[in-house]
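Colleague: Sequence:
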Amino acid sequence: MGNTIRAFVAFIPADRCQNYVARDLREMPLDRMVDLSGNQLRRFPAHVCSFQELVKLYLSDNRLNSLPPELGQLQNLQILALDFNNFKALPQVVCTLKQLCILYLGNNKLCDLPRELSLLQNLRTLWVEANCLTKLPEVVCELSLLKTLHAGSNALRLLPGRLQRLRELRTIWLSGNLLTDFPSVLLHMPFLEVIDVDRNSIRSFPSLAHLSSLKLVIYDHNPCRNAPKVAKGVRRVGRWAEETPEPDPRKARRYALAREESQEAQLPALPPPLPPTSS
Numbered sequence: 012m013g014n015t016i017r018a019f020v021a022f023i024p025a026d027r028c029q030n031y032v033a034r035d036l037r038e039m040p041l042d043r044m045v046d047l048s049g050n051q052l053r054r055f056p057a058h059v060c061s062f063q064e065l066v067k068l069y070l071s072d073n074r075l076n077s078l079p080p081e082l083g084q085l086q087n088l089q090i091l092a093l094d095f096n097n098f099k100a101l102p103q104v105v106c107t108l109k110q111l112c113i114l115y116l117g118n119n120k121l122c123d124l125p126r127e128l129s130l131l132q133n134l135r136t137l138w139v140e141a142n143c144l145t146k147l148p149e150v151v152c153e154l155s156l157l158k159t160l161h162a163g164s165n166a167l168r169l170l171p172g173r174l175q176r177l178r179e180l181r182t183i184w185l186s187g188n189l190l191t192d193f194p195s196v197l198l199h200m201p202f203l204e205v206i207d208v209d210r211n212s213i214r215s216f217p218s219l220a221h222l223s224s225l226k227l228v229i230y231d232h233n234p235c236r237n238a239p240k241v242a243k244g245v246r247r248v249g250r251w252a253e254e255t256p257e258p259d260p261r262k263a264r265r266y267a268l269a270r271e272e273s274q275e276a277q278l279p280a281l282p283p284p285l286p287p288t289s290s
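Each residue of the sequence shown is one higher than the last, beginning at 12 in the numbering used here.
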């Protein structure tokens with residue numbers, strides 16, 4: 012849908028908006044794409060399932076928490092965007108869409124992924140950032156053609172060892188999780204090109220110099236005392252990344268302490284504590 016239609020439906024109450032969108036989509040789009048993003052939809056317009064040649068379906072930024080079983084008729088679908096909705100579980104029907112290459116699930120309320128996700132053997136890109144994952148679901152390790160995994164802004168503390176089976180994986184984004192150690196499984200994945208562990212709680216980094224395909228490592232906003240060693244030509248984004256050679260641990264510690272002291276000196280004085288109140 013064009014920006015004009017989106018701007019118009021933004022002012023329509025949800026139920027009327029639902030009816031408006033349904034009336035607007037009665038014929039198969041020539042580009043085989045349907046974009047219903049940002050339309051306050053609470054339920055999926057089931058008649059879209061009759062567009063069996065559909066290749067791209069965007070349902071981002073709505074209020075969906077379920078999908079009809081008729082969605083399984085869209086067996087040519089390659090891109091499905093369900094991000095920014097209210098899904099607490101991935102609808103099983105999604106796992107029947109075996110031609111999917113890209114699946115957007117970010118910014119929902121997912122705590123796990125179903126085992127049936129392994130049926131999506133054509134999946135190349137999976138976005139599960141900003142959900143409620145406390146561990147990376149093992150089923151992800153069954154997606155043999157996966158090239159890009161976005162799993163940032165969850166509550167991950169470690170990664171499964173079976174992840175190294177994903178020999179097509181090239182980029183992994185883990186920013187904003189609860190990692191206290193650099194995931195050891197990544198040290199056994201020399202085919203990785205991009206590793207992002209920004210905004211975690213990693214205090215020390217192992218050498219990554221043996222990862223022959225690595226092009227970029229992002230490790231900023233960690234309480235680390237050293238930068239990861241990398242091979243020549245690999246770009247690092249984080250503290251001390253511009254220094255060559257890498258600072259020794261004593262210098263790194265002095266740098267960190269001086270930085271912390273400088274930040275403390277800039278803080279305004281705290282007000283006196285308030286007297287305790289009874290609950």
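Heads up, some of the hints might be wrong.
[As the list claims (entries may be wrong)] Calculated pairs, EDC-like style, for lysine to aspartate or glutamate (alpha carbon to alpha carbon, straight line, at most 16 Å):
id, residue 1, residue 2
1, K158, E204
2, K99, E81
3, K158, E179
4, K120, D46
5, K109, D42
6, K120, E153
7, K99, D123
8, K146, E179
9, K109, E153
10, K109, E81
11, K243, E204
12, K226, D192
13, K120, E81
14, K67, D123
15, K146, E204
16, K109, D123
17, K99, E64
In short, the hints are calculated from the structure, not lab data.
Colleague: With reference to the structure, classify each hint as holding or not holding.
Modeller: Right, here's what the structure says about each hint:
no., hint, in the structure
1, K158 to E204, "10 Å, holds"
2, K99 to E81, "20 Å, violated"
3, K158 to E179, "5 Å, holds"
4, K120 to D46, "22 Å, violated"
5, K109 to D42, "20 Å, violated"
6, K120 to E153, "22 Å, violated"
7, K99 to D123, "9 Å, holds"
8, K146 to E179, "21 Å, violated"
9, K109 to E153, "14 Å, holds"
10, K109 to E81, "15 Å, holds"
11, K243 to E204, "14 Å, holds"
12, K226 to D192, "21 Å, violated"
13, K120 to E81, "23 Å, violated"
14, K67 to D123, "25 Å, violated"
15, K146 to E204, "23 Å, violated"
16, K109 to D123, "20 Å, violated"
17, K99 to E64, "29 Å, violated"
In terms of the numbered hints stated before, the structure departs from hints 2, 4, 5, 6, 8, 12, 13, 14, 15, 16, 17, listed from lowest to highest.
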